[in-house]
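Heads up: the protein sequence lines correspond to chains A and B, in order.
Residue 0 is where the first sequence starts when you use numbering that gives the first Met the number 0, and the numbers rise one by one after that.
Residue 0 is where the second sequence starts when you use numbering that gives the first Met the number 0, and the numbers rise one by one after that.
Hints should not be assumed to be uniformly reliable.
[Said to hold, decoys possible] Short, incomplete list of chain B residues facing chain A, as computed with Cβ under 7 Å: (1) Asn-12; (2) Arg-13; (3) Leu-15; (4) Ser-18; (5) Ala-81; (6) His-82; (7) Val-84; (8) Pro-103; (9) Ile-104; (10) Asp-108.
[To be verified] Here are the computed lysine to any residue pairs in the SDA-like style, where the Cα-Cα straight-line distance is at most 25 Å: (11) A/Lys-420 - A/Lys-641; (12) A/Lys-890 - B/Gly-86; (13) A/Lys-847 - B/Ala-109; (14) A/Lys-150 - A/Asp-169; (15) A/Lys-994 - A/Leu-908; (16) A/Lys-845 - B/Ser-113; (17) A/Lys-833 - B/Asn-9; (18) A/Lys-622 - A/Lys-912; (19) A/Lys-379 - A/Asp-541; (20) A/Lys-912 - B/Val-105; (21) A/Lys-912 - B/Arg-70; (22) A/Lys-912 - B/Arg-17; (23) A/Lys-840 - B/Arg-17; (24) A/Lys-912 - B/Asp-98; (25) A/Lys-959 - B/Asp-106; (26) A/Lys-955 - B/Ser-113; (27) A/Lys-890 - B/Ile-26; (28) A/Lys-982 - B/Ile-26; (29) A/Lys-840 - B/Leu-14; (30) A/Lys-185 - A/Val-228; (31) B/Lys-10 - A/Ser-836; (32) A/Lys-982 - B/Ala-109; (33) A/Lys-270 - A/Glu-197; (34) A/Lys-273 - A/Arg-232; (35) A/Lys-833 - B/Asp-11; (36) B/Lys-10 - A/Glu-844; (37) A/Lys-725 - A/Thr-737; (38) A/Lys-912 - B/Ser-52; (39) B/Lys-10 - A/Val-228; (40) A/Lys-315 - A/Asp-87.
For the record, the hints were derived by calculation from the structure and aren't laboratory data.
Glycine included, every Cβ here is placed at the ideal spot set by N, Cα and C.
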Amino acid sequence: MVDPHPMNLSIPRWHAIRTLVLMRCSGFVRISLLTLILFLPSHPLLAQSQRPLSLDPLKALTQYTHQVWETGKTPLEGAIRAILQSRDGYLWIGTQEGLYNFDGERFTVYNSVNTPEMKNSSVYALAEDQEGTLWIATRDGLVAYRDYGFKRFSVKDGLTSNSLLSLCVDQQGALWIGSMGGGVVKFVDGEFTPYAFEGDLRFGTIWSLCSARDSSLWIGTSSAGVACVKNGRESRYTARGGMLTDVIRTIAEGRDGSIWVGSHVGVNRIKEGKVSTLSSKDGLSNEAIMQLFVDSQGSLWIGTGGGGLKRFAQGKLSSLTSKSGLTNNSVLSFLEDREGNLWVGTADGLNQYKDEAFTTFTVEEGLSNDAVWCSLEDSKGTMWLGTNSGLNRIQRSGIQSYTMKNGLTNNTVRALCEDSKGTLWIGTYGGGLCELIDGRIVRSNLNRPQLAFVYGIFEDSRHVLWIGSSDGLFSVVEGRLKRYSSSDGLAGNFVRFIRGDHTGGLWIGTTEGLSFFSANHFTNYTARDGLSTNSMMCSYEDRDKVMWFGTADGGLIRSKGALFNSFTMRDGLPENTVYQILEDDLGNLWLGGDRGICRISKNELNDYAAGKIGFLSTMTFGKKDGLKARECSGGSQPSCWKSKDGRLWFSMVKGIAVIDPRNLKINTVPPSVVIQHLLADNREIRFSRRGVLDAGVTRIEFRYAALSFVSPQDVMFKYMLEGYDKNWVSAGNSRTVTYTNIPPGRYTFRVIAANEDGTWNFNGAFASFTLRPYFYQTTVFTVCMVLVVVGGAAGAYSLRTRRLVRRTHELESTVTRRTDEIVGQKDALEHANKELSDLLKELEEKSKQLEVARTRAEEANQTKSAFLANVSHELRTPLNSVIGFTNIMLKNKAKNLKEQDLTYLDRILENGKHLLELIEDVLDLSRIEAGRMDVRRSPVSLEILIRETIAQIEGKLIGKEIPIIAEMPSPMMPIETDPGKFKQVLINLLGNAIKFTEHGSIRVRVAVDQVTRRPARVDIVDTGIGISRDQQQLIFEPFTQGDDKKTRKYGGTGLGLAISRTLCELLGYSMEVQSEVGVGSTFSILFDLQSRRSVYADQESLRKDQRMASTRERQPRDPQTVEKEIKEKILIGLQPFSHGEWAHMNINRVALFGRNLNESLSPRQYDRFRAALSEYLVKVQPSIARIAQLFQIVHVDPNLVQTLVFHADELGTVAGALSLNPRISEEESQRFEAEIPKHVDQLLHAFRVLREMILREFQCNPGELLQAILEERTASSKAAQIIYPRPLSAKNPRTIGTNEDFARMIELLIDTPLIGRESASDRRELYFLVRTAGDRWMMEMRDASVTLDSSVWATVFEPAPGGQPERGLSLIPPILAKYGGDICIKGTVREGGTTVLLRLKVAV
Amino acid sequence: MKSIAVIEDNKDNRLLVRSLLSEFYAITEFETGFEAFQGFRNSVPDLILLDISLPGMDGVEVLSQLRNDERLKKIPVIALTAHAVSGDREQYLAAGFNDYIAKPIVDEDAFLQSIERWLTRTP
């Protein structure tokens, strides 16, 4: 066989080169190289092994690598009846208890508990159709699964039975369903059609369906044998026709087109219409057959009902039972996956059989013992093995063993040698030498005590036999034995091997060094001469006449004459123990040691020895490659053998491991890659190829998998978030990745994977998603808003304009007709009319200009508000003329105009005004929706607000006799709201009520929470025309009103309610309507959702009322209620301040201050702050000491940034005493309550003083602060490994900066994602150090994980270009500048990366 | 008769203002701020109605120039503008306009009242 690739390109090295290429190149060059690499075969040995690792039928069943997932010990439950690999690569396992999805590591179960469509969890069969729908036959219905959704089909949909047993998809893509008692149903194009059997067979129980490659469909019936349907014609195979029985259980098609049929009595084969039987003569007893399966190698796999697993291959039947580890002897299902693994489902778990590179023979395959010492192929081609239980002879016919019974002097055989006469010399361990002559074992007459423990036998080129034992070296010349020992110059008396080289000299390995025997003289080489060790184990002369030696602890030694080179773990070997050395035909050495077998390129070894390359790469083989144990045997000769067929034989402590080095069984199937979960802020996002994530998502986690089942734990991943990562990030075997705080934008997450043999799936999987910015951040939104506004305005505009134009035309004609009559005014009127029509034309013109303005607005990237103002301006200007001139004309009415003209002018004026209103409303709505409305909350009295509003709107009541009645409970807490906007809502609602009410009254009703007295809702109740139920849904939509015909008479823009509701939502309230036509409407503003439940008297509020009542009797009260009430009182107390500018500011500042403290101090520091606060209050300001006891800051409610939330202390404190202590009089209590505002004022002052103090006092010790931050980060962060000296020196000087600034800088350094991260792991290694230098302190950070030029580092601190907001590291320089600090960046380039030293210096 | 200067680039609007006011006041019209300042060299009006969106120098600039001119700084200036989204009124009053009238002028009486109020304040 010709090797298609250069010899020196061993696999590992090839990968190493590729990695290096990726690492060393950058930018464009990297991309093109990557592209190039993608087009190369992903594996140099690809050409050698294109097929997946299907099970070699020549191997014994026990020689496959076996792995189990037992029920109970894994999530799997129930007997496994069906296994399927879907096209995306997942395994699906159908059991009695449900459907399991398996990705190699995790099982996901779908059953009746979590999937309603799986009405019954018992799965009988699985099939996948051509569209990728997974079909699941269950005991109760057919279930289809696709794109994460299930659908169930039953008798109602056309099935003949709900109890389904078998499925198959035929060559045309039709689904066939076999059922219990319902025969066969065909499902095609969404329709179920029962299959009509020929003859009298109607329904029946169908256990098996099989679609053959010749388009025939085979149906296994339970009473009429097998039916074969081909081209619409049916043929039958029954007991009468030679079948074992008519009750059929399972059918499988063989590679040769024959059909295998299994039943409870055995197996039939139908080939070209002829029926034969697999009988006991083939080794099959009369066992019930549960399942038949033919793999890609043509092996027939037979699952029996109690007899285990059987394979019929190469004309031979072999079987495997639970004794060999099969989970259960009832074998129910099979699958050969894409990678060639065989999956076997039993009544008690899942089994996987893999074929690996190595074939191992052990006792199970017939060896007399698992401990194999030596191996040899004799000149006749027979393989001999020396074991702990005698000699084994391996032949095609089987394994034969020779033990002491056969004449061996000892059962442990450690040396073998065939001499030139054909005699096999056998060296035993304790029994000396034996000879095998003509198939008989004879004790050698050379034996003597010193020869009892034989380690090596060798015949040299002059046919002298050499024997090495634990006590010397022996030569046999003409039947005479001669002993050499250390006294003769041998390096040591314990001989491990003897081997001649091409010069005719002998190399003798001993425990005390190496001897070279030539011309009757020993030359010794030991550690003193530079060998890595004295303990020699084995030797090998390669094809280039180079001697190699294996040692017990000194690795591999190369000898070129007297020149030795050693290779050890330090040079890249997997271990320092080498028991066995072989060379394959591809230029590789194979080394066996304690940790398995490794392959290493000889060229690489030579190049390394010559200093041409800096490292050795090896390929190692262990249990996953088919070894039964990884320890090789050592101290025997020959410990390994290369047979004439090129195979390599390694003696192992468990069996003999054989490999064909030309067929390494590389897994060339690229693994399917799937992205399984996308979690945004720990919330699962239903995965789709394109997703949109809400604004504000800070943490995005991906979970992915590669569906390779040969060795899932050895799958490697690389991922990249396009738009964020610049390069692929190696993930190792990790199957999740988390991104935090990525900016809004469009991203594509890509993940690629390689299987255990390094076959990459470069296509991988991807998920694109858009992380939405907050809505006001988007250009798209801006443009949309602009379009909406312009569209709305222009639409309304043209609508109204058209009417206006029509009116104007009428007006014009009227005017013309009357010209003669009103000669005196003719000119003026004509002129005016012309003006008017000109203006109207201009209106239209303006709307065109608007379009232009919009484009201009977009182009100039004008802000929305500017544009909205523009629109308003452009519309108002012409309207000014329309309304103004119309007004003038109307004023002149008495002089010249007729009655009808006046009507027309009236209409123009009205419509002009309406248009104006419309513009205002549309703009308002747009502004609210565009988020242009700022909410400015302050505590206000709802009562005052409502009374003001009513006073304001009463003007509209002119001409109507409707009272507006305000019903307000007392007392009532103020509410936190934006008074202007809330008033607008009230005006809108009241305006509506007035507009649509002719009789009766309008009531404004406020309801408060019974406990907190906080307003819960406001109802505006009218007795107007009402709104029908249908209309109630629509009225909040823009440009709708109730019944068109009716409301036309009431006018209005149809935007009022839309605006009101939007405003309400803006304020955090909701709006409701209840109405009955002809009776009236009630519009309600609900301040919060809970109020719906708690406002009206129910059990809860009744109980609260009772509690209120009991208070008056000075009974102990519920502390929580007390707390709540006191909080409310404080809010009242704060109210007067909140109106005044000064106090308001202070509240803000204190609130902000509190929040900052929370964030910028470590918990310990925050505790200290609070302790200091109490201390300060007691010591410094005795007058407010009482307050200090009374209140403590708990937190600042983020929703009420402007309001400090105080926490009332519990019982026993002054506050508690106030309301709870019966000894305190009511007056006293009231007086205190009245004083609360004053106390609050003092408290605010205290806070201000404190803030100054804290800022002084808590200027941080950078070392301490750094430690606190880092500790917290290390605990919480998985991604970054932060290394820092522990403990950081407490003697570090204080910074002059505030802790906030310092913490901010550190956090920026840690958190800012950096480009160029391409370390082997995704962990960042950061080294922090804080120290002083002269009058400066500095913080150093070394980032050892970043491969980044120091000049690039400098750029990350540069300000963001073109006025963009600063973010990331560019925020640091401004902070430093505050303290006169600067940044010093020093990069040290080292192997594998750049270490960046970042020095932030600040003068103290 | 007191004199009012109207600085307004839209001729329809100038005509409208003239139509509304010429009965009671002497109206001079200027299309731009530049023209107005030229005109003011000869005669100083008692009140100015000033549009905001003017070509070249806008209303706010005109106002600030007026306020910087010893001769003209005391003249009441009323913004007559179609810039009428919420906040505009406050903005222009803050800029130093004596009053603010939004276009379209829907309520003529209010308009006249405002003018009269400011005219009576001038000595």
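Checklist entry - Where does the structure disagree with the numbered hints, that is, which hint numbers, in rising order? => result Per hint list: 2, 10, 12, 13, 16, 18, 21, 28, 39, 40 violated.
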